[in-house]
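Chemist: Now for the letters of each chain:
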Amino acid sequence: MTPSADKLRVYYPSKNLTSDGAALPLWTTTAGSELTKIVASSLSQADDYWAGAIGFFEGNTTTVALQGQFFHVKSFTSASRTLALTQDLPAVPQSGDTFRLVLGGNYRSSTEVVGMLVGGALPEFKAGGGVAGVQVTGVTIKKASAFLGAGTLTVNYRRAQQLLFVRMGTQAYGVGLDVSTNITNGIVFAADGQGFIQVDVNAAQLATADRTDTWTLTFPERTLTPDYEGYETTTGNGGKTRYRLECVRNTDTVDAMVDLAVYTGRPVGAATTIASGQSLALLAAGFDVADASTWPTRSFWIKNKTVNSAAGDCRYVIYRSGNTLYCLQVDWATLAFNTGTSQIRQGDTLTGTSSGATAVVDQVMLTEGSWGSGNAAGTLLLKKVVGTFTSSDYLRVNTTNMARATANSVLGLRGYTAVNWSSGNAIELMSDVDLGVNKPLLNQYENPTSETTAPANVIFKDASNAATALPMDNLAPSRLHGVWRREWIMDGHQSRAGVDADTRYSWS
Amino acid sequence: MAGLENGSSQANAFSWDVTQYPGGTRVFGATTYNQSEEWWAVYLKAGQTYTFQTRLPTNYYHYLYLYDSNGSYLSGNSYGGDDGGYTTKITYTPQREGWYTLAVYGYYYYNEYGPYVLESVPAPKSFRTFVIAPGRCDWRATNAIEQISQFNILRDRTATQSNSRYTINARVTAAGMARFAPHSGRKTEIVSRFGTTKAATVAVVPSQFSFRQPCDSQVAARFDTRAVTFGHETAQFDWRHITGLDVTSRFDMRCITHNVAPSRHHAFLREGWTIYACNTQNNQRTCLGFIPAEDQLRQLTDMPLADGVYEIEIVASHAFWDSARSRQRLTLITGETVPLLGLPAIQNLRRELTHFATVIRWSVAADAIADDLQFGVWFGVSSPVDTARDPDQLIPLFPGVGNYQTTRFQTVSEHIAVAVLGPSDRGPVAELPLPWESTPPDSPREQLALP
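Protein chains in written order, with this note's numbering: chain A, 1 to 508; chain B, 1001 to 1451.
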């Protein structure tokens, strides 16, 4: 039987865990914290070990204003045991406040990624174990599936049938949950059989008549992907990429999830075409499309579905004026290399000795050999590229030849090969993040050293609808899989609120 | 097949249990004085030649008949089996795939009855899972149930038989099933592993089956659907949308169940200024760097620039489109020191457009100004501007005053040259291009600067 929607659970990983399903370590604040600074003497990792991490205060931490609050770590100073945060907390942490940190891959934790806000609160962090209703007594909502979406959730208890129902908006109620006895982690589906809430039921406290409660569901923010912070959007080094893992598990103990697939959200807007007489090269420029009236006004990605034999190409749109889109220059490239004798590192400024081309290294992806043996080979992801590296170019950092190019550098963004665009090309909005699947080996995921280091052996692509969803094969009962997300931040990336990077899973 | 499966009639024929004999080619039965005929339901493939025959532990006279699913007679035999004696044999090749029935007839009034082995080579197709282990049952309303195990019903009018692991929430008629979970009106027969959650469904002889919405299917195996579906004789099957289908096998339409991990966030912009240097000779623009708003000094130092004359532009973070750059520009001369020839140099020669007029401003070191000095201003369409001729404008200098300006109404692009003139000599010439376009700059109408 097809595992029902509640059987797929998504978990936070963390690089400091040592086994699958381990609890995220609980850290306790000590004196000296501020609105943008958390001091915890038990944090003993190296400087910036936690840079880029997301964290959250426990639902029962002593400072009420911090309960269930998420934060984003900008940097970590080992000597002072201090986490510098990107934004103000709602209150200054006091000694004894407790929190957990999430960063990287490695192992799945026991903590599930949170669902929807129910009445403005995250049930997962609510004191008392969840959100309790006023009318429908005896029922505690512990989780609201994000598939329910934002809107009004109605919880309905029918005394005569001893059934609990839910619905969204004006839809019909779904299948009832038998609440004639106490229930722990019961699942109540909406009419589509997909969205659900997870509840505990104390049968003795149920009302003696039919009862209904309504809740407003909203999407939580910064609980899986932190904000692009200002300091990340203008680095002067040509932008950056960030990588985060979410761990998924088929919790059904009997049946496999057949053809599991995943894709992510994208801005809302209808597809269009490049207007007559318009074109776009690889430089920063504007061009007109037929109709972009429903599109965001700035800071979004677009995909050309026509070029490269329909394989596509993409650009970052810095702003839109009517039907005119203004794009940033394509100054990222990939470059294959071999005979690597000295390690090329992220942030190095690379020069081609023959071509004179220059670039800053964003990622180094080794495919074979090693630097120590002088035969390292692989691919570089370059940014701030000026010129074209040519095949056989010696790749120099400062005055040292580090490796040799095996082909010309290829300009492109987010895995696409950049080409010129012309009128009539089909254009559509693109997801803000790319996805890559990572099936863990012996329950252990890839474990890059930092949030800006790409996980090895993971291939990313944009997957923004069911047709382009990333296949994850069949997921056997009780088994794990993983999805990495890559955020591609251009130098000069503009602000935008409410970026939808939800991951949407489907299976048979 | 539907029915009671007690072998008493064609409607209640036994299902062929492939587990009774290796390869599934034989089943075992016995005619008796009280029931001298036994019926067997077999599912046969089109074009496949089947040989049916009886084998007898004790010889007795009987007939073997074959009927189609409508009850029409197809073939019969009263002797001719491979074992000789009264054994019977039929060879038949179906023209269409489907259900057929075999009947073994004895003669009770001649005491011709007894155990027999019924053989089919090859074996008929198998669909069934047999579970007969009554026990553990929860009911909530009117139900009629036989031979069930682990059973929950929450609403009324249900009739089930020979089931195992069964959950029902509304009107259902079901027979011969294992692991069955419908949630509203259903009619099902001979089902194994079956799950539904919505409205009217008719399913006959499916195995491993999941429904979510109205469905009508028969003889399916391994089957998942989520929407309005109509199917017959299918195998290994996933559906999602409205589908009509007959006699298919191995069929996938992907995506049935959904789950979403929410991930919402914002993209912010750093407050500050980006500094550009524009070479006035070739208009090539270089980004010198970014000054964060939170910096105390708000300065960039040690910026390398090739020799030349540059306009320094300052772009605030929120002015995020090119044509909205600040019009306040600083002219910077880099390179070898220019001899002053005793007269002050022109500093920060710059241009501003105001009310369709070009306003040119410049500075000099105020403390170096003598009484008898003035500025010479020349205009020319190309660079360098001819400054050997008389100036187009003369502007007096005043001691202690360092900032000066002049206005020009342009119609074409041109260059301006400015120098300090003394009674008998001239200071270093500063020159600035004055591009002119009648086309207004493009700017977005719907931009919004977010914090």
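Derived from the structure by calculation, the hints contain no laboratory data. Be a bit skeptical, because a hint or two may be false.
Across the chosen pairs, the derived CB separations fall in these ranges [as the list claims (entries may be wrong)]:
{"#": "1", "chain 1": "A", "residue 1": "87", "chain 2": "B", "residue 2": "1361", "range": "36 to 44 Å"}
{"#": "2", "chain 1": "B", "residue 1": "1279", "chain 2": "A", "residue 2": "112", "range": "51 to 59 Å"}
{"#": "3", "chain 1": "A", "residue 1": "271", "chain 2": "B", "residue 2": "1300", "range": "38 to 46 Å"}
{"#": "4", "chain 1": "B", "residue 1": "1300", "chain 2": "A", "residue 2": "45", "range": "33 to 41 Å"}
{"#": "5", "chain 1": "B", "residue 1": "1303", "chain 2": "A", "residue 2": "77", "range": "46 to 54 Å"}
{"#": "6", "chain 1": "A", "residue 1": "120", "chain 2": "B", "residue 2": "1361", "range": "51 to 59 Å"}
{"#": "7", "chain 1": "B", "residue 1": "1019", "chain 2": "A", "residue 2": "214", "range": "39 to 47 Å"}
All residues carry an ideal CB built from backbone N, CA and C; glycine is no exception.
Chemist: Next step is simple, just say for each hint if it's right about the structure.
Modeler: Quick rundown of the hints versus the structure:
1. A:87 <-> B:1361: 36 to 44 Å: holds, 42 Å
2. B:1279 <-> A:112: 51 to 59 Å: holds, 57 Å
3. A:271 <-> B:1300: 38 to 46 Å: Hint holds: Cβ distance 43 Å, inside 38 to 46 Å.
4. B:1300 <-> A:45: 33 to 41 Å: For residue 1300 of chain B and residue 45 of chain A the Cβ distance comes to about 34 Å; the hint holds.
5. B:1303 <-> A:77: 46 to 54 Å: violated, 30 Å
6. A:120 <-> B:1361: 51 to 59 Å: The hint (51 to 59 Å, Cβ to Cβ) holds, given that residue 120 of chain A and residue 1361 of chain B are roughly 56 Å apart.
7. B:1019 <-> A:214: 39 to 47 Å: About 54 Å separates the Cβ atoms of residue 1019 of chain B and residue 214 of chain A, which means 39 to 47 Å is violated.
Violated hints for the displayed structure, listed by number in ascending order: 5, 7.
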